[in-house]
Amino acid sequence: MNTIPEKNFLNATRGWKSWLFTLDHKRIGVLYLFSIMAAFLVGGVFAILIRLELLGPGRNLMEADTYNQVFTLHGAIMIFLFIIPSIPAALGNFLLPQMIGAKDVAFPRLNLASWWVYILGSIFAVISIAMGSVDTGWTFYTPYATETQTSVISMTLGVFILGFSSIFTGLNFIVTIHKMRLPGQTWFRMPLFVWGLYATAIIQVLATPVLGITMVLLILERVAGIGIFDPAMGGDPVLYQHFFWFYSHPAVYIMILPGMGIISELISTFSKKRIFGYTAIAYSSLAIAFISFLVWGHHMFVSGQSQLAATIFSFLTFLVGIPSGIKIFNWLATMYKGRITFETPMLYALSFLFLFTIGGLTGIFLGALAVDIHLHDTYFVVAHFHYVMVGGTVMAFLGGIHYWWPKIWGRMYSEFWAKIAAAFVFVGFNMTFFTQFILGSQGMPRRYYTYMDQYQPLHAFSSVGSWVMAVGFIIMGVYLFHSIKRGRPAGNNPWGALTLEWETTSPPPTENFVETPKFSHGPYDYDKNVPERTI
Amino acid sequence: MSQQNKTNTPHVLPLQVYLGTAAALFVLTVVTVMVSFVDLGGWNIVVALAVASVKAAAVGLIFMHLWFDRKVFLVIFLAGIVFLTIFIGLTMLDTMRRGDIYQISADPIHKNAAMYDTTAVTTDTIPAAADSTHSAANEK
Amino acid sequence: MDGHEHSAHPAHLAHHFSEPAQQAESAKMGMWLFLLTEVLLFGGLFVAYTVFPAWNPDMFFNAHKHLNVYLGTLNTFVLISSSVTMALAIRSIQLDRRDVSIRYLVVTLLLAAAFLVVKYFEYSHKIHLGQLPGKFYTFTGIEGTNPHVFFSVYFAMTGLHGVHVLAGMSVIGWVLMRTRRGELSSEYYTPMEMTGLYWHLVDMIWIFLFPLLYLIG
Amino acid sequence: MDTTATLFLPPGGSTIAGEVDALFYFLVYASIVMFGIVLAGMIFFGLRYRHRQGDAAAPTAGISHNTKLELTWSIIPTILVVIVFFWGFNVYLKMNVVPKDAMEIKVTGQKWFWTFDYPEGANTVNELVIPAGKPVKLLMSSKDVIHSFFVPDFRVKMDVLPNRYTIVWFEAKREGTHNLFCTEFCGTGHSSMIGTVRVVPEREYAEWLETASNVGSDLAPEQYGERLFVSKACVTCHSLEGKSVVGPPLNGVFGKPVALTSGGTVIIDENYIRESILEPQASVVAGYQPVMPTYQGILKDREIDALVAYIKSLQ
Ligand code: HEA
Ligand code: HEA
Ligand code: CUA
Ligand SMILES: [Cu+2]
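Chains as they are written, first to last, in this note's numbering: chain A, 208 to 742; chain B, 43 to 182; chain C, 1161 to 1377; chain D, 102 to 416.
Just chain A, with the same shape it has in the complex:
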């Protein structure tokens, strides 16, 4: 029978101060984990409100203005408070040093600052909600955002601050990966999750400052009327869109790259097989990170940007599909001749393959100039990005949470309930969002509070789907929290995996390893090792 180590990072010191001012990357990871889960819950409640209002045409639950605030808050919270920090700041923080055999990240204080800055930014977002909230959409397009009466300033200030938290995390990770690896762990012996975090961190550091200056200019536009984005003052609203998407397109890869990293770990662990095409996967992460800076204009095909720019952006957009495809096929090939088991994390990994492929392929629709003209700003786009963000990132995140849950707490969750919840989420998700592909191509515009009768059946179906999904998440919340105290002790290596974090105890001690680990085998050498599973 496994036992929980008597002394571990969870009980090393006690009291709330020892948590809120901790420098231990694992505790900071846990703080982040709870914060983003709270954000997801709030964003999810807004999502359910959206779906309730859209159950039928006309007013069901709220006024048009309220609806506009609800979908803006849903988008802004999900993006800035949940999905951007989700995998890197929560799981990445917890795991990165362990995976490279280090005691901590390079700058523990900066790491703590990152969380506090995140909290500060969230407070501004909450203030904004309290002060009448925002109704601009998460994109804050000018000139609407400069003239609406709602409290745009405190929300954009919040976003500005949240950007720093993201920059701090990225900066910290790059240095950590460069400088803190265990001797023997060369670049191409790092776990692919670390590669994913590395590529992500590059984007965080390069793109986020531009979001910062964009928000500053937007605030100046509102308070000082500087007129850079305001057409009435000789400015150009389309320029604002360039600024915004220069950050926000790369940002979508901040969301997906770490998720892809998790999938590499899950598929190889549960297939007990060496990952297929390691180098190709590592390099395609970098390639995606680089190309992501060249394609932002695909959000602006009908914005009035020049036809030349639109054409070039369309071409570059397609290039992203190729490294993404390489990854998908490499993961498939990893399963070939494996020793596959279907625990919950693997179920999420397979859901990812299924849903992200759909989401990504519909991205190709949107990248095609003529087709995007019809599909832009319809529910087709809404469906696309939920398939990649929820079907991609959130599935990977859930897979990662289940996979490392026993490492974080030392205890197992209920596999039975986990499978049931996964089924609800998967089915509910497809009900909610596949319908939206149809709605969108039929012409249903997004950000609509009400709609024409002809769209009613599909909207209603979609709303029902969102309830199914919510049931799945509620079940998940219950068994996960239950297991923190009550779960079966998991042992060091419940899945029989080979990456370094499984060589320490669960939960790990404060400085991660009791003895400095030795690099003795690569992260995926399943052709040479059969590690023992502790459950």
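Simulated from the structure, these hints should not be mistaken for laboratory data. Even for Gly, the Cβ is constructed at its ideal location relative to N, Cα and C. A hint or two may mislead.
Away from chain B, derived, C-beta distances all over 12 Å, residues of chain A [stated by the list, open to error]:
| # | residue |
| --- | --- |
| 1 | L248 |
| 2 | G251 |
| 3 | L317 |
| 4 | H449 |
| 5 | F500 |
| 6 | V634 |
| 7 | R653 |
| 8 | I682 |
| 9 | R695 |
| 10 | H728 |
A few chain C residues that face chain B, going by a derived Cβ cut-off under 10 Å, partial list only [as the list claims (entries may be wrong)]:
| # | residue |
| --- | --- |
| 11 | G1203 |
| 12 | W1215 |
| 13 | T1233 |
| 14 | V1278 |
| 15 | Y1280 |
| 16 | M1337 |
| 17 | G1356 |
Assemble the complex: chain A is given as a structure, and chains B, C and D with the ligands must be docked to it using the hints.
Same frame as chain A, now just chains B, C and D with the ligands:
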């Protein structure tokens, strides 16, 4: 823990190097200001930026030790320049080429244009190919 | 805290690093990454700077005539000098000449303050004339479309830069304190080195702002 | 190519629709194939290499990569996307280059309705009337924030920007009516900023144009005003059942006092209504945002009179 073996022994440059660089920076500043008083048309700004780049390079390579330090720092710094260039370049591809097919969609609207009243309008009431310098006045 | 000097034992070596070199290099790399984010933060303004002059070259030309080249040049000299003294401060601490280093830091601070004073005079002159950004612009002597945009860009760029000078001054002040307390030496001067990098970047950005705003033609 | 309604797309109503649909369906089928490969791989490997409890746990095959395979799955998608790019670009060009003989209509978007100005001086609100079989070019601009002109059946969409013209063109194939949506978020009334495009035979169009400039002249002012109240989009913001929507309700208000934001009250009379329509910001009703657009230049004197008469009649 032994201090001696792997400490970062400082890399000290001779004083002359600093003073020489400083002198070069001052001289270049004077030069660039003087050139700005000569009318070179569009070339003024080009020369000014070229001089500025040389100065910035001097500061970066010598004061900031990029020349002597690990090259990864230089790579990081250059990455900033490269991505900034991408940002500027692709944005200009839009802002400078909006009139490619119809000049009218590149120019700001003259507030007195027919658009804003209900009198009859045809294409020829709106100048199709106004000069590209956006001379149309904007009222506030 | 209390002016107590650290012994030769590397008290500055944090527990999670295995050797001082690793720590120093990490810090430096972190700093360079931070400078990278600064470049891109200013980057947005450089984009605005490129787009609007490309649209209204004449207006930009006319408006820039209203900046004072002499004050701009003076400030360029001031800031470059401060960069030189900063570099020399680091060199002195590398050679363990602590007092010299302190003197250089003080001069750097004074030069930085001088820069801000000159800026103050420039700003107040502009405010007086109504050459202000956006909707506060009331000046009438500039030909061309939307001259207020020039001042929006001017104030945004120099304002952000000014904020960086202020931030730089407080960091230099902090390093100055630590040097006086004897916490820095040739063994460990990472904080001063990092401050130097930051300060040089602030200088470097000004090196570009100066011709872009003052020397268009 | 003629398209009819399918699962995904509404019936195509313009000459370009067929070409967009062809690419759309090419993408659908290509995606189904790609997705099919991924799904089949997952299912097949999952079943074939499933490890059951109790099976021996031996080391697995040490396959690390296979250059030929990897090249295949890099090159085939590359070819596919290059095809899609050129195809999409080709159709995009056609959507951007307006035929020489296109007739021109001006479109103004503002919160939250569309105004269309026809060459002969007629104007309509929220209803665009065009002849079938003739290319139509829209010259569009906005009076406030960004809107976007979207006719799903025509597969065209273009943002409508303040202080700039954007252009969109199409040729409707046959008579019928089509929905027109605003697809750029523009505030409270975004989802009710919808109109219709009515396609009529060419001959009928000419007749329509002639009468359009003086419709309603045969009606009594109240009736005419009632029509205008709908056609000029007053209904988007004003209810007639005493509910406050974006603006205050307008039934039974005539002759009554109303409080203003600036303090003070006014009696709602003919002049006040007229002022509200032409200079809505001059006196703003307490409790409402100053968002009502001015109808200066959109409504003719006779039309304002009719509206006043109508509001007066709503006792
Ligand atoms: C996690 C986030 C995420 C990810 C990963 C992506 C990935 C992609 N996105 Fe998406 N996107 C968003 C989040 C994301 N997107 C969001 C949030 C918006 C809307 C924002 C808003 O307006 O509010 C958006 C909007 C958006 C648009 C603008 C639509 C519009 O408003 O009109 C476009 C247009 O090109 C686009 C394209 C793509 C492409 C080409 C990819 C590619 O990276 C996909 C690559 C993957 C694949 C292609 C699948 C796997 C490959 C194979 C199985 C091999 C075979 C492939 C080929 C033959 C090509 N996206
Ligand atoms: C990460 C990003 C993310 C996520 C996860 C989601 C999740 C969901 N989204 Fe969202 N969405 C966006 C990002 C996201 N969305 C963005 C960026 C926009 C655009 C906004 C804009 O236009 O500006 C958008 C817009 C958007 C729209 C379009 C609105 C419009 O255009 O008018 C709709 C409509 O159906 C929608 C629905 C949903 C639904 C049903 C979910 C569901 O998946 C939600 C499921 C979650 C729950 C039901 C929460 C309940 C959870 C529990 C009870 C768990 C228990 C607790 C713990 C474990 C702590 N979203
Ligand atoms: Cu107009 Cu949305
Ligand atoms: Cu994108």
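key: Separation of F500 (chain A) from chain B, once the least beta-carbon distance is taken, above 12 Å   = Non-interface label fails for F500 (chain A): nearest chain B Cβ at 6 Å, not farther than 12 Å.
task = Hey, is R653 (chain A) genuinely clear of chain B, shortest beta carbon separation above 12 Å?
result = Fine: 23 Å to the nearest Cβ keeps R653 (chain A) off the interface.
inquiry  = Checking a non-interface call: every C-beta of chain B should be farther than 12 Å from the C-beta of R695 (chain A). Is that right?
reply    = About 42 Å separates R695 (chain A) from the closest Cβ of chain B, which puts it past 12 Å; holds.
query = With d taken as the least Cβ-Cβ distance between L248 (chain A) and chain B, does d exceed 12 Å?
reply = 36 Å, holds
task = Against chain B, does H449 (chain A) hold up as non-interface, every C-beta pair farther apart than 12 Å?
result = 5 Å, violated
task = Just double-check V634 (chain A) for me: nearest Cβ-Cβ distance to chain B has to come out over 12 Å.
result = Non-interface label on V634 (chain A) holds, nearest chain B Cβ at 41 Å vs cutoff 12 Å.
task = Say whether it holds or is violated: H728 (chain A) keeps its Cβ farther than 12 Å from all Cβ of chain B.
result = H728 (chain A) clear of chain B: closest Cβ-Cβ about 28 Å, beyond 12 Å.
inquiry  = Given a cut of 10 Å on the nearest C-beta pair, is the interface hint for W1215 (chain C) held or broken against chain B?
reply    = This hint holds: W1215 (chain C) lies near chain B, its Cβ roughly 5 Å from the closest one there, short of 10 Å.
Hinted contact G1203 (chain C) with chain B - closest CB pair below 10 Å = 4 Å, holds
task = Confirm or reject the statement that G251 (chain A) sits farther than 12 Å, beta carbon to beta carbon, from all of chain B.
result = 34 Å, holds
inquiry  = Does Y1280 (chain C) hold up as a contact with chain B if the rule is Cβ-Cβ below 10 Å?
reply    = Nearest chain B Cβ about 21 Å off; hint violated.
request  = Classify the hint on G1356 (chain C) as holds or violated, based on whether any CB of chain B lies nearer than 10 Å to its CB.
outcome  = Hint on G1356 (chain C): holds, closest Cβ of chain B at ~7 Å, below 10 Å.
In summary, the structure is inconsistent with hints 4, 5, 14, 15, 16 from the numbered list given earlier, while agreeing with the others.
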